[in-house]
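Work out the full structure, taking the sequences as your base and the hints as a guide.
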Amino acid sequence: MGSLALLTVLFAPFFGAIALIFVPNREALMVRMVAAASAGLALLASAYVFVSYDPNVGGFQFKTHWTWSEELGIAFYIGVDGIGAPLVFVSALLLFAGIFVSWHIKDRTKEFYIFLLILAAATIGVFMSLDLFFLYFFYEMSVLPMYLLLGVWGSHTKGYLGMTDPEGLKLRDSTKFFFNFGANSKEYAAMKLTLFLSAGAVFALMGILLIYHFSPVHTFDILVLREQAKFDGLLGNIIWLLIFFGFASIAPIWPLHSWSPVGHAAAPAATSMLHAGVLMKLGHFSIIRVAFEIMPEITRELMPIAAVLCVFSIIYGGFVSYYARDTKYIIGYSSSSHMGYIFLGMAALDYISLTGAVIYMFAHALATGMLFAMAGWIYDQTHSRDIPSLGGLAQKMPFLAGAFLVACMASIGMPGTINFIAEVMIIVGSWEKYPFQVIVAVLGIVLTLAYLFKMMRGLFYGKLSPEFEHVRDTSQWVDRMPLLLMISASIFFGIFPMHFYNVVRSTVEPMLDRINQVAPAIAQNTAGIFP
Amino acid sequence: MSDLIVILIPVFPLIAVLVNGLVGHRYSHDLAGRIALGSVGLSFLCALNVFVGVMSDPTPREVIAYSWIFGGDLNINLGFLIDPLTAIMLMVVTGVGFLIHVYSVGYMHGEEGFTRFFVYMNLFMVSMLLLVMGNNYLVLFIGWEGVGLCSYLLIGYYFTKVSASKAATKAFVVNRIGDAGFLLAIFLIFVNFKTLDYTKVFANAGQLSTEMATAIALCLLVGAIGKSAQLPLFTWLPDAMEGPTPVSALIHAATMVTAGVYMVVRNHALFDMAPFAMATVGLVGGITALFAATIGLVQNDIKRVLAYSTVSQLGYMFLACGVGAYTAAIFHLVTHAFFKALLFLTAGAVIHSLNGEQDIRKMGGLSKRIPITHAVFLIGTLAIAGIPPLAGFWSKDEIMAHAFLQGDFLGYVLYAFAAIGAFLTSFYMFRLMYLTFYGQSRVDPEVDHHIHESPPVMMVPLMVLAGLAIVGGFLGVPPEHGWFHGFLSTVATPLGAVPHEVSTGTLIGLMAVAITIALGGWGLAHYMYSVNTTLAEEWSERFAGAYRTVLNKYYVDEIYDAIIVEPCKRLGQIGDWVDQNIIDRFIRGIGHGADASGAGITWMEKHVIYGGLNVIGYANHVLAGSWRKMQSGLVNHYAAVIVIGLFLLVHLLFVWLVGTSVL
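If you're matching them up, the sequences are chains A and B in order.
The letter at position 463 of the first sequence is residue 463 when you use the working numbering, and the numbering goes up by one with no holes.
The letter at position 119 of the second sequence is residue 1119 when you use the working numbering, and the numbering goes up by one with no holes.
Among the clues, some could well be false.
Said to hold, decoys possible - Output of the computed footprint for chain A on chain B, the stretches with three or more beta carbons under 8 angstroms from beta carbons of chain A:
id, segment
1, 1138 to 1152
2, 1160 to 1170
3, 1176 to 1185
4, 1572 to 1584
Hints were generated in silico from the structure; no laboratory data involved.
Built from N, CA and C at the ideal position, the CB exists for glycine as well.
As structure tokens, this is what we get:
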């Protein structure tokens, strides 16, 4: 039953996408209903998976194994552990919400939903792959629909980019690049994003192939590899670095982040939601799945790299957000800043902080999903993302203002939301190893509050400009439902985190035991660059 | 007192929040107001029950409402601790809170966002109750954040006003800076004690090293400074007056801003371990008490004067904590809650009757027009100025006496700060009194005929508070041995404290000095604003530089803008620049590389591969050119060729068959 549910989560969106091919585009409602139904099925199944995952048993559950190629050691092998289960759940949730957020898309509705469903299904596929081949397969597959979603349905960033370093923009525009669309175009964003992520994926692929080549058994099966493959020395370090930076480029860790705000700004709302909400977590997840599981010793030696880079991520994203004027840029940079917290939680290799990091992935997905959904709604209504030109929208959009406030509160980790628990756990867990980073992280929370509430004030408070007299609040249930769904998930798990905590913990603890117990002699070095 | 009653205290307002918040738009404002008010009233009754229970049995007891997270060494409960300190705080929060809710029903009558206002107010009550009732740091922090949030929402209640929304954001951000320190303190406590429960932490506090205790205490102090608007994080409180007046009374005078004091007293076991942190607490309090009082001297907005006086009075409470007089700090907290809530609410009544006018330069002579309001405001002023036997005198005198009797240099310095501060307090409060209620009326003529007393729903709470401001002080009489001190002795006695061995003469002497100071301030105010009314103006011209500096609050806001806000923006700009010019340029470099190699390959294609192909092609071309001529398209040519060909063919046939040429 459980494995069936897991298969359903993966294949419902795929079959939904296939079914959509046969629906004529003029039947817009039918298109939406099919997409919503397949996503809804996936959501129900994923909720079942998450709830019925047994933390007392732990390990990988609901497994399905179909051999694909005996001699190459490739199998379609899926299953979830305590890290995959919540992420599968939140991906399905964001997909479902995203379908309703994009309810009013008129332009090539069918194709949009096909790509959205493929994007989400591929993401879900990564979270449940137990075979490196399929993990990579799904990973690449999730990147490509982004290109089309951005390039076709995206929006140009106007001159107000906000964060306008005019010289930089001029340079970017004047450059004779092999894609010369102009710096603010959605095509530029799409191209940049795809190139960045594909380049990262190539590095990761090299790492995966090296693992395959140098392991004693020629298999892509993660469970076999983690028992039998031993990597050390230069080769091991090279593989680890390839895997880490390859996957971290989507996370994105500083300085590989610059594709993300541009991409988020250009993407349509539902795409930004899925992208910032779950796609970025593919990076962290794949690092945990591949590097942590297969190469525990090297992880312990090299993870301080993440501890150093995460400081830059947190600070950098925070300050740029504070300076920026474009709503989606702010949310985009804030996401890249918040990814630093996850890296911090991972780097400390402490079970509280790693549990916190996994919960944070979930929490951030909800918070940022809400913010992007609402930024998208505001953009649809006002055709502006430039904060100084907006203002006073609370008069016209009281519901949205309230929901936006809740989203901001979730984002800053207000008690009562799941983000609070995640944040506290990351910080408590990493305090002993990385006190400097913790102080930075705590200051980063202050900064988060400063820029988010500055945005809140700029958008909703003050006088309403007369040109926005016509704007509408989210009044239909299709518009409100996705927001309420995400808000209630965030608050529900914030108040009842127990099952969640147990699920994650059941997986994190044995993993960290493996990382921390092998060859304790080297453990002394992990005190960090900033002791 | 059963566990259920304890749990119900915060649950009642929570229910009101949910009901009014979710379906409040479906029914009338009246009903929403009644629900809000009733919930706080029920909560007050439960708190009263608990208070009586604690009076008969002061042993602390813990009530676990809900296990939040447990497992391994992370074990967090939503639990409550009931002891005398909590009981006192409960009475203040629910009691004063209830009175302010009653007042608000009148004050906010007819506002469009009436229900929204009470949802926020009740949410504030829930948070504040969690804050004072929690049995561990996490619950304290939840309440702490909750009150900050509600403060944000209520300051920005009139969200279409740009100044209000700016003030709200500012308050939230500054509070959050303090919270960052508080969070760090919580982490330090967790790392050191492996638990967040008060009882376990305080029981083991003695094992901490002094350095660690100092670090924790200082981090806690940062949190307290943010919440209680002390130097250097006080700037948000005066701006917070943008909120409706009941909010200023409840949150920014009586309850939330005193949370820092409560937190320090609650953690006195940690502060006792750290003398340096204690001295810092005292100095922060002392300097703030004096600093804020000087700003209060020249402000012209009735609520801003009261706001600075709140900052200053909170400074007294911190000063008391710094000299180990925790009971006195809580005592002053209680009396301050009475008279400051009274003053704010009365100011609200004045503003209400003047149709929203807040500038005291446009008031004057109101004592005859609104006599009851005048009377209660006078009681509040006498209480805060420290005129015996009103409440403020006893608590402030006790704090000053403690500082003096500490007997070291720091103690005398703090006493001096407190004494000068007391003089200034008395002066600016009576200045406010004279400018508002006495002398010539400077009210705008069109407002003038509207002046009226407020409705009973607003006046009754004022009278109750006025009564409390008169008699509240007697809880702590005689000094150091009153009922209040006995009640709190189990929870607020510093480590290794010895009762002051002082003669009654000294005590009476100190009281006499305090009374003289208070009366002196009154006298000066009377002289400047009643007898020689031009003097104030003369002085402000003669000391124009100093006057302007103080009027502009020592330019603290501007300084913070210049050294914190702007650099943050600059850093963001630099980050943006780096993204566009360094990281992107690097990417573009790769692009150019690709471009260049593409160009190279193209060249090769053109010149080498195509070249090779072209040679073949050219040869072809040449050949083709020569052969092409054959295809002339003329039928006779073709006919001729066919004939010639046929001839040749026949000829060949002959040769092959006959073996000899025909030709």
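State whether the coverage of the segment 1138 to 1152 of chain B by chain A holds or is violated, taking the criterion as 3 or more residues with Cβ-Cβ distances under 8 angstroms.
holds (count 7)
Counting residues of the segment 1176 to 1185 of chain B that have a beta-carbon nearer than 8 angstroms to any beta-carbon of chain A, does the count reach 3?
holds (count 6)
Please verify the coverage claim for the segment 1572 to 1584 of chain B: does it have three or more residues whose C-beta sits within 8 angstroms of some C-beta in chain A?
holds (count 11)
Do three or more residues from the segment 1160 to 1170 of chain B put their C-beta atoms closer than 8 angstroms to C-beta atoms of chain A?
With 8 residues close enough to chain A, the hint holds.
Checked against the numbered hints above, the structure breaks none of them.
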